[in-house]
Amino acid sequence: MAESRRFLQGATGDWELVIGLEVHAQVISEAKLFSGASTGFGAAPNSQVSLVDAAMPGMLPVINQQCVSQAVRTGLALGAAINLESVFDRKNYFYPDLPQGYQISQYTRPIVGKGEIVIDLEDGTSRKVGITRLHLEQDAGKSLHDQHPTKTFIDLNRSGIALMEIVSDPDMRSAEEAGAYVKKIRSILRYIGTCDGNMEQGSMRCDANVSVRKPGKPYGTRCEIKNLNSVRFLMRAIEYEAARQIEIIEDNGRIVQETRLFDSDRVETRSMRSKEEAHDYRYFPDPDLLPLRLKAEWVAKLKAELPELPDEKMIRFVEQYGLSADDASVLVSELDRADFFESLAKGRDPKQAANWVIGDLLGKLNKTGTELFAAKVQPEQLGKLLDLINEDTISGRIAKQVFEEMFETGKDAADVVKERGLDQISDEKALKGYIEQVLNANADKVAEYKVGKEKLLGFFMGQVMRATEGKANPKLVNKLLQSRLSKED
Amino acid sequence: MALDKEIVARIAKLARLEITESDLEVMSQELSQILSWIEQLEEVNIEGFEPMTSVVKMDLKVREDVVTDGDQADDILANAPERKDHFFVVPKVIE
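Chains as they are written, first to last, in our numbering: chain U, 1 to 489; chain P, 490 to 584.
Don't read these hints as lab results, they were simulated from the structure.
Some hints could be false.
[To be verified] As a list, the in silico DSSO-like pairs of lysine-lysine whose alpha-carbon atoms are at most 27 Å apart:
1) U:K376 / U:K400
2) P:K581 / U:K226
3) U:K151 / P:K494
4) P:K550 / U:K303
5) P:K502 / U:K142
6) U:K479 / U:K453
7) U:K226 / P:K502
8) P:K546 / U:K295
9) P:K546 / U:K142
10) U:K151 / P:K581
11) U:K301 / P:K581
12) P:K502 / U:K91
13) P:K502 / U:K429
14) U:K183 / U:K295
15) U:K142 / P:K573
Just need the whole structure built from these sequences, with the hints factored in.
This is how it looks when you write it as structure tokens:
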């Protein structure tokens with residue numbers, strides 16, 4: 001644990017990095033938070049806009065029950081307190097993609113209060129990170145700046161979609177911890193189906209509050225970094241920002257509290273000066289909306305109906321399948337990965353299944369940049385490959401080759417084996433033929449073996465495997481070799 | 490509570506209102522008067538009263554999660570000062 005909390009080195013000694021994160025997660029629902037327009041992604045511009053979303057005079061917001069339920073379920077999954085009464089406020093600012101001139105949000109009385117999650121770090125340790133709150137708010141429309149040299153184009157399809165803003169305590173102390181936090185939040189949201197967690201499409205976005213301090217001293221002045229649309233960029237931005245702040249302070253400068261934009265091309269953060277004025281949001285309770293009251297029984301029912309969460313699943317994988325904590329942790333980090341493993345392990349050796357998923361499949365997905373759901377090898381296909389190994393039709397080594405081709409082409413394991421003639425040779429007569437060949441060609445080594453150099457058995461094995469292009473049944477070759485070599489005295 | 494010209498100018502800026510220097514003086518006096526008038530409410534003892542959120546006792550109305558609206562881009566854009574295809578077009582606002 002101390003490892004991950006290590007300090008940053010400056011010219012004047014140690015610095016501690018302090019990070020708090022705001023995650024904006026688009027709620028999975030059919031319709032928007034306060035209107036009946038669709039939330040679908042990628043529709044024609046302004047085709048999914050109601051008069052409420054366009055803020056036409058006299059239109060009134062009516063809250064979508066499903067969005068409330070999704071926020072409560074998320075709160076429960078984050079181990080957080082659910083506030084049975086919460087209030088919607090107006091956050092006032094002007095921007096072309098915000099037709100109301102205010103965002104309906106929650107300020108002093110959010111729907112979800114304090115919670116806590118556990119994040120898992122590279123070195124196998126874990127840490128708790130506090131959740132300050134979660135509140136419901138409207139998303140803004142989308143501004144397109146690249147369509148015209150002097151104009152901005154506005155599409156309001158996103159305007160009014162429900163967002164959950166999840167605010168963490170300033171509990172993280174390194175870029176790695178911040179990355180692990182976002183991954184864990186994303187995993188939880190996906191498990192319970194309240195947000196698809198797709199950062200590239202913008203359905204999950206993240207702002208980071210970053211400051212530095214001398215160890216044990218009070219918090220330093222923080223800067224808020226926006227525009228972090230991947231975990232990698234988040235970590236890069238934090239590293240850059242920490243170095244920038246340390247340098248300023250060590251040069252006897254002062255950190256100005258401000259909003260900074262991450263530029264992923266230049267890998268740097270820069271000031272968004274024009275936003276500073278806008279920080280006075282003049283929140284007040286939205287007079288169009290009554291307080292949101294929830295029934296305790298309803299919340300209890302949602303809690304009872306929550307699916308198994310990543311941490312629970314990990315414990316079960318260790319207990320039920322005898323996996324190591326590390327393997328279980330890799331498998332449960334994504335729901336589709338965990339499901340893949342479970343269907344593969346059904347009726348098979350769980351450790352073998354875990355090794356193939358983690359080692360071969362994930363390796364291949366990483367290398368080719370493929371998403372699991374899009375892979376041509378699904379549990380049924382991979383299962384048939386494992387069955388061929390376990391039936392001694394092919395060796396483990398051949399199986400790796402077969403897997404490569406399956407991954408490329410989506411062919412069945414049995415077909416690949418047949419087409420390429422990779423069946424394991426388990427016919428004793430045929431194998432004996434290969435053994436004779438090898439022994440005849442290496443008479444000198446046979447003589448050495450007989451005077452006691454028994455290590456050479458491995459050499460003979462290797463030669464037989466080579467002669468059969470890896471197709472010989474290794475167990476059988478071993479047995480036949482031993483009896484053949486011991487017999488001839 | 491008195492509002493000086495500086496605060497009025499700031500409020501106007503946040504509300505995107507243009508106010509002349511001479512109006513600032515008048516505004517600050519008028520707004521200060523309105524505020525002090527409303528401040529009389531502070532004389533009422535509200536100890537033990539729940540904040541009233543509505544004149545009638547009712548719950549927040551909710552809607553089902555069903556798509557009932559949309560497909561009216563032409564109506565939505567009908568009053569737009571400038572448009573291109575089905576986009577609103579505004580002066581460039583990028584940072």
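Outcome of the hint check:
{"no.": "1", "hint": "U:K376 / U:K400", "in the structure": "15 Å, holds"}
{"no.": "2", "hint": "P:K581 / U:K226", "in the structure": "20 Å, holds"}
{"no.": "3", "hint": "U:K151 / P:K494", "in the structure": "35 Å, violated"}
{"no.": "4", "hint": "P:K550 / U:K303", "in the structure": "23 Å, holds"}
{"no.": "5", "hint": "P:K502 / U:K142", "in the structure": "24 Å, holds"}
{"no.": "6", "hint": "U:K479 / U:K453", "in the structure": "18 Å, holds"}
{"no.": "7", "hint": "U:K226 / P:K502", "in the structure": "25 Å, holds"}
{"no.": "8", "hint": "P:K546 / U:K295", "in the structure": "17 Å, holds"}
{"no.": "9", "hint": "P:K546 / U:K142", "in the structure": "38 Å, violated"}
{"no.": "10", "hint": "U:K151 / P:K581", "in the structure": "4 Å, holds"}
{"no.": "11", "hint": "U:K301 / P:K581", "in the structure": "49 Å, violated"}
{"no.": "12", "hint": "P:K502 / U:K91", "in the structure": "16 Å, holds"}
{"no.": "13", "hint": "P:K502 / U:K429", "in the structure": "94 Å, violated"}
{"no.": "14", "hint": "U:K183 / U:K295", "in the structure": "32 Å, violated"}
{"no.": "15", "hint": "U:K142 / P:K573", "in the structure": "15 Å, holds"}
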